[in-house]
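Order-wise, the sequence lines are chains E and V.
To get my numbering, take the position in the first sequence, counting from 1, and add 356.
To get my numbering, take the position in the second sequence, counting from 1, and add 6.
Derived from the structure by calculation, the hints contain no laboratory data.
Glycine residues also receive a C-beta, built at the ideal position from the N, C-alpha and C atoms.
A hint or two may mislead.
[What the hints assert, rightly or not] Away from chain V, derived, C-beta distances all over 10 Å, residues of chain E:
{"hint": "1", "residue": "Leu403"}
{"hint": "2", "residue": "Leu430"}
{"hint": "3", "residue": "Val487"}
{"hint": "4", "residue": "Ala492"}
{"hint": "5", "residue": "Ala507"}
{"hint": "6", "residue": "Leu523"}
{"hint": "7", "residue": "Asn642"}
{"hint": "8", "residue": "Gly652"}
{"hint": "9", "residue": "Val671"}
{"hint": "10", "residue": "Gly685"}
[Stated by the list, open to error] Just the calculated beta-carbon pair ranges, DEER-fashion:
{"hint": "11", "chain 1": "V", "residue 1": "Ile422", "chain 2": "E", "residue 2": "Leu430", "range": "37 to 47 Å"}
{"hint": "12", "chain 1": "V", "residue 1": "Met7", "chain 2": "E", "residue 2": "Arg489", "range": "12 to 22 Å"}
{"hint": "13", "chain 1": "V", "residue 1": "Leu419", "chain 2": "E", "residue 2": "Val487", "range": "50 to 60 Å"}
{"hint": "14", "chain 1": "E", "residue 1": "Ser559", "chain 2": "V", "residue 2": "Gln286", "range": "22 to 32 Å"}
{"hint": "15", "chain 1": "E", "residue 1": "Leu622", "chain 2": "V", "residue 2": "Asn297", "range": "14 to 24 Å"}
[Claimed, not checked] Just so you have them, the derived chain E footprint on chain V, three or more residues with Cβ under 8 Å:
{"hint": "16", "stretch": "41–49"}
{"hint": "17", "stretch": "145–155"}
{"hint": "18", "stretch": "194–205"}
{"hint": "19", "stretch": "363–373"}
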Amino acid sequence: MKTIWRYLVAGVLLRFSKKRTVHRERELPASTRAETWTAILLFAAALAGLAFVAIYAFADANTQLLGLSIAVSLALIAAALILAASQVVPQENLEEPRPSFAQPNHDADGPKNHDIRGFSAHQQGEEAALVVREGADGVTRRRLLGAAGAAAGVGLGAAALVPLASLGPAVGDRYAESPWKDGVRLVEENGMAVKVDDLEVGSFLTAFAEGADKEGLASSLAVVRVRTEELELPEDRADWAPEGILAFSKICTHAQCAISLFRYPLFSERSPGPALVCPCHYSTFNVLDGGQRIFGPAVRPLPQLPLRIENGTLVAAGPLSGEVGASWGRVREEG
Amino acid sequence: MTTRRLFRFLDSRTGGAGAIGKALRYVFPDHWTFLFGEIAMYSFLILVATGTYLALFFEPSTAHVIYHGTYAPLHGQEMTRAYASAVNLSFDVQAGLLIRQVHHWAADVFLAAITIHLMRIFFTGAFRKPRDINYYVGLTMLVLAVLEGYAGYSLLDDLLSGMGLAIGNGVALSIPVIGGQLGTLIWGGRFPGTQDFFSRLFFVHVFLFPVLIGTLMAVHLALVARPHHTQFRGRRRREGNVVGTPLWPAYALRSLGLFFATAAVLFLLGGLVQINPIWQWGPYEPYLGTNGAQPDWYLGWLIGALRLMPHFDVVIGNYTLIPNPFWGGVLFPGAVFGFLYLWPWIERRFTGDRAVHNLLDRPRDNPTRTAIGSAVFTLVAAVFFSGSADRAFVQFGVPYEDQLWGYRALVILLPIAVFFLTRRFCIRLRDRGAHPARESGARLVERPRFKGRSRGTDPA
Chain E
357 MKTIWRYLVA GVLLRFSKKR TVHRERELPA STRAETWTAI LLFAAALAGL AFVAIYAFAD
417 ANTQLLGLSI AVSLALIAAA LILAASQVVP QENLEEPRPS FAQPNHDADG PKNHDIRGFS
477 AHQQGEEAAL VVREGADGVT RRRLLGAAGA AAGVGLGAAA LVPLASLGPA VGDRYAESPW
537 KDGVRLVEEN GMAVKVDDLE VGSFLTAFAE GADKEGLASS LAVVRVRTEE LELPEDRADW
597 APEGILAFSK ICTHAQCAIS LFRYPLFSER SPGPALVCPC HYSTFNVLDG GQRIFGPAVR
657 PLPQLPLRIE NGTLVAAGPL SGEVGASWGR VREEG
Chain V
7 MTTRRLFRFL DSRTGGAGAI GKALRYVFPD HWTFLFGEIA MYSFLILVAT GTYLALFFEP
67 STAHVIYHGT YAPLHGQEMT RAYASAVNLS FDVQAGLLIR QVHHWAADVF LAAITIHLMR
127 IFFTGAFRKP RDINYYVGLT MLVLAVLEGY AGYSLLDDLL SGMGLAIGNG VALSIPVIGG
187 QLGTLIWGGR FPGTQDFFSR LFFVHVFLFP VLIGTLMAVH LALVARPHHT QFRGRRRREG
247 NVVGTPLWPA YALRSLGLFF ATAAVLFLLG GLVQINPIWQ WGPYEPYLGT NGAQPDWYLG
307 WLIGALRLMP HFDVVIGNYT LIPNPFWGGV LFPGAVFGFL YLWPWIERRF TGDRAVHNLL
367 DRPRDNPTRT AIGSAVFTLV AAVFFSGSAD RAFVQFGVPY EDQLWGYRAL VILLPIAVFF
427 LTRRFCIRLR DRGAHPARES GARLVERPRF KGRSRGTDPA
């Protein structure tokens, strides 16, 4: 009822707003067969789009098949649109007066706005909506065509979005990757082995896995030395810190900045104990108990590397105790 | 005479003289707060101009080189070509450092001007119908501008930019469910990522975001001009008119003056005030960090939020649904921008006011809106300042831990206090009965519209 009323109002407005007579021929579509064919073409286009997705995912992304499938999808949509333009929607032939620049004192707005000027936004909206709705006059299978159009959109959209997956590799186990395992030697930035005698109590050193890329997130370690009697390591880590030397991942478990601050108080009675501090958001990790967080936004403890001493140099006695870097969905799963 | 001929020439080919003629008489209401949007626009022009110059010298490559340039302290250091070219353009390219510093300052001023402009729009109710769409366009530009700035200073591959990217990657990973995959998609693998990531960052910074911002700016201006400017209440100022200075000649000159003044300040800053001396930070490696690292000011609220957040993840079984950086890095900015995007709708919903508004509110005219807005901006400001607690510790010796607990209390209590105080203050001001029209300082000089301008009376 409301719709009819709107049509009436808009129709009346159109009727009486035209100051010029405009030549207009209009023929409504006769065949429902064209509609059916349009829908079939669109559904086929959707299938071709999904075929692209399938080829991308499975058939080793064969270039010829990829190109073919997306081209077929696009061509089918093109065919559907051309068919719809010539057989499904009303065929019109409308005369529009051309704005003339040559004559002096022409209307600045051009004649186009002439017939709708003076009406409120509401009325202009009515008219524009009417023009849009009139475009579907005589079309009978609107639901079918709408569904077909949506399907084609989904198919083509999927085909357009899926190549985004080429941006990067699947997560897989890459966040759990680490060069540290039993027997890997600790080296300094210049590649020399880390000597136990060079490490004084209270000192802090950055070390790397021998032979590994130093830029690899899991490669770098913060090596610190405390007095052995200070240590409060859990029982299963009792032998991880020979001569009071501890090694932790240098990458903060909060937002993976490098932990570059080591606090080693000289008067432990008055000050908080030795800790590694990240300068980005001040997550603070107690080194004595194996890297538990004592302050700041980090949640997971700092991964610790079990150490042993071979010929006065430091060697890993096993893998890191946890995943290096910031947390994500599977960060707490046992690797 | 020549002018007339020129316009006739143009008009007979484009039909645009009428539009130009109208545009020349476009009226700008006078108010100093209207200038911040223009300052933002002019900063953007300076950014595009200086950025174009910088792009001629900058090399977005992660290939490694050994530095042998002018700056002796870095001699023999291994670094990426990106960082090396940024250092070179600071030391070896004539005027390179000036342009780089102007570019950096312009970015800071751009964001500052947008932020103040946003506050002006918010507190005067300029976002109401018919300008709500334009308000969303403006907000979107702000979001893009923040990301654009972040991408820009991340490109240089100095120590600070690398630390910023590490945090950015951590925040990306913290997005529930999709975070891990999103991180490897954007970075091309695990942090620090591949050369692909760097090429993407460069493309995003020098093409994608500038084009988006430029396009939205054009839309923004068109949507400003279409319903014409808003204005404060005042003598002869009604909903249905605009009273002010026409574009030609006075406003055009004034605005051009503002452009040159903005440019002057930016070049003054770029020439005299050092900003981001990347040679002092050194090149970035994932295992390097420095204390006292601070981002550019427009990201200060995010580092504050990341630092302020208590330490907890949401973990189900051994699946980490929401890692900690999500709270400060995604949820907090998401909530602030969500509030800003939703506000026009919220206000319509609760006041039932769907009318067209071309006259601005003074902040006191709408105590509730002003109070809510003040509370939200206070929250953001408090979080922002909490991000500088480490500097305050160095400067004033206030223990960091104590400051953090103080700020945690402050970000909850201060906005509530500000809400009630602002509300009361606004109501008192409003109820003193000062009539807006009478109190407005607007002075108008009447002038016969076409005096001395019509044909034939030309004194020449």
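Results for each hint:
no. : hint                             : in the structure
1   : Leu403                           : 27 Å, holds
2   : Leu430                           : 25 Å, holds
3   : Val487                           : 21 Å, holds
4   : Ala492                           : 27 Å, holds
5   : Ala507                           : 26 Å, holds
6   : Leu523                           : 4 Å, violated
7   : Asn642                           : 14 Å, holds
8   : Gly652                           : 7 Å, violated
9   : Val671                           : 19 Å, holds
10  : Gly685                           : 5 Å, violated
11  : V:Ile422 to E:Leu430: 37 to 47 Å : 57 Å, violated
12  : V:Met7 to E:Arg489: 12 to 22 Å   : 52 Å, violated
13  : V:Leu419 to E:Val487: 50 to 60 Å : 57 Å, holds
14  : E:Ser559 to V:Gln286: 22 to 32 Å : 26 Å, holds
15  : E:Leu622 to V:Asn297: 14 to 24 Å : 20 Å, holds
16  : 41–49                            : violated (count 0)
17  : 145–155                          : violated (count 0)
18  : 194–205                          : holds (count 6)
19  : 363–373                          : violated (count 0)
Hint compliance for this structure: hints 6, 8, 10, 11, 12, 16, 17, 19 are not met, and every other hint is.
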